[in-house]
Every structure is written in C-alpha cells, then in structure tokens.
Amino acid sequence: MSKALCCYAFETLVNKLSLESNKVPLKSYFQALHEDESKLPQSAPLFVTWNKNSQLRGCIGTFQSLPVESGVAKFTVSSAFQDPRFAPISAKEVASLEVDVTLLDKFQPISDYNDWTVGVHGLKLSFELDSEYYSGTFLPSVAEEQDWDKLTTLYYLLKKADYPVSKKSTEEFYSTGLKEGWLKLTKYEGLKAHVTYDDFVAIRESISE
0 MSKALCCYAF
10 ETLVNKLSLE
20 SNKVPLKSYF
30 QALHEDESKL
40 PQSAPLFVTW
50 NKNSQLRGCI
60 GTFQSLPVES
70 GVAKFTVSSA
80 FQDPRFAPIS
90 AKEVASLEVD
100 VTLLDKFQPI
110 SDYNDWTVGV
120 HGLKLSFELD
130 SEYYSGTFLP
140 SVAEEQDWDK
150 LTTLYYLLKK
160 ADYPVSKKST
170 EEFYSTGLKE
180 GWLKLTKYEG
190 LKAHVTYDDF
200 VAIRESISE
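Take the sequence shown: its letter number 152 is residue 151 in numbering that gives the first Met the number 0, and every next letter is one higher.
The hints are simulated quantities; they were obtained by calculation from the structure and are not laboratory data.
Certain hints may be false.
List of simulated lysine-lysine pairs, DSS-like, C-alpha gap at most 27 Å [to be verified]:
| hint | residue 1 | residue 2 |
| --- | --- | --- |
| 1 | K191 | K15 |
| 2 | K15 | K26 |
| 3 | K73 | K159 |
| 4 | K178 | K191 |
| 5 | K186 | K38 |
| 6 | K73 | K123 |
| 7 | K26 | K2 |
| 8 | K167 | K38 |
| 9 | K183 | K123 |
| 10 | K51 | K158 |
| 11 | K123 | K191 |
| 12 | K158 | K178 |
| 13 | K167 | K123 |
Working from the sequences, and respecting the hints, build out all of it.
In structure tokens form, the structure reads like this:
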C-alpha cells in the first residue's frame, strides 16, 4: 500500500493545526517515496486511524467509495477531531502520533459467521431488533493486532455495535440472526499503510531540500 497517503494524512493534520504554513501536495509524496500512483484505485472506501503510544486515538472512515486524495483529507480531519470517543487531537500530541490509512475492497456478504480469516478480513455487522438499529465494523488488522480469535472478535463486534450480549451467547446470536435473515454480516479486505510522525517529518524534509 501507499505510505504517501499516510504522509498526506499527516500533512493535512499539521496544516489544519497551523503547524505548517505551506501544504505539500500528495503528488510530491508519491515522487519522494518512488511510489506508482497508478497502482492505487482512484476511488475506494477508506478509513484513517490515529494511534498515540500504541493506543487508539481516533478512527473514522466510510464504506462509500470516494476519490482517494479527497477522501483521505476528509477523514483525516474527521478521525482527528470528530471521533466521539476521544477529545480532538491537539498540536502538542502530533509528535507522538502514528497514522494508518486503509483502503477497503472485496466486500462479500457471508451466511456463516466463521467464513472469514483473522488477519485477512474485516467484518461489517448490521441488524435491527426491537425497533433499534445496530451496526459496527472492525478493520482487517484489528483482530490480529488484538490477538483475538474468531469468537472473541465476533463478541467485541457486538459490543462495539452497543448490543448487550454475553460471550457464551455470541455464536448462537449470530447463527440465529444469519439463519433468520435479520442480521447481515459482510467480510472485506483492505490495503493498509502505516507511518509515524518521525517518518513523516523525514520524508517531508527530503521534499523541501
């Protein structure tokens, strides 16, 4: 995947926080990193994830296909400043940040809750019960990074959707929902790149030289 997209996320962030007065274009990062822009999709569903000291600091994205450059810029801002789970990222935190950009692909509805692979697939869940709508997703890297097995991942996916269920009831819940058709579970894959702030600064400085 493209580290240039991650650098562009940092570029968008530091400009938004007024830490830089000039904005380096995405094309300059492709050139500095010797990446072939044509190998990336022009548009894709995508997520931008910020981490600080190996802890999640913000993550927002979309399952709608967007032009990659404008999509990364948009969700850089959303994930940094509008994730309701966290306070907005401040300028003093930037040097401690890392960013992941994930482009999503190969969406496939599944009828068997075990029909996916840890470390390969993300999961998207949605269902309606008692006039309440529930939804949630885990990106392809999450289960592997957290060292979760399939059952644990499915359980935490329900928790993320804010649906109360015990872990021992998780398999029966998915099995019943999928069989009766009121629960939708989709697996998907992703192309992910990662850049630290120090990496970003070094690459940005190489462009300015």
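Now the hints, each set against the structure:
| no. | hint | result |
| --- | --- | --- |
| 1 | K191 <-> K15 | holds (23 Å) |
| 2 | K15 <-> K26 | holds (19 Å) |
| 3 | K73 <-> K159 | holds (23 Å) |
| 4 | K178 <-> K191 | violated (33 Å) |
| 5 | K186 <-> K38 | holds (23 Å) |
| 6 | K73 <-> K123 | holds (21 Å) |
| 7 | K26 <-> K2 | holds (12 Å) |
| 8 | K167 <-> K38 | violated (44 Å) |
| 9 | K183 <-> K123 | holds (8 Å) |
| 10 | K51 <-> K158 | holds (23 Å) |
| 11 | K123 <-> K191 | holds (17 Å) |
| 12 | K158 <-> K178 | holds (21 Å) |
| 13 | K167 <-> K123 | holds (21 Å) |
Consistency note: the structure conflicts with the earlier hints numbered 4, 8.
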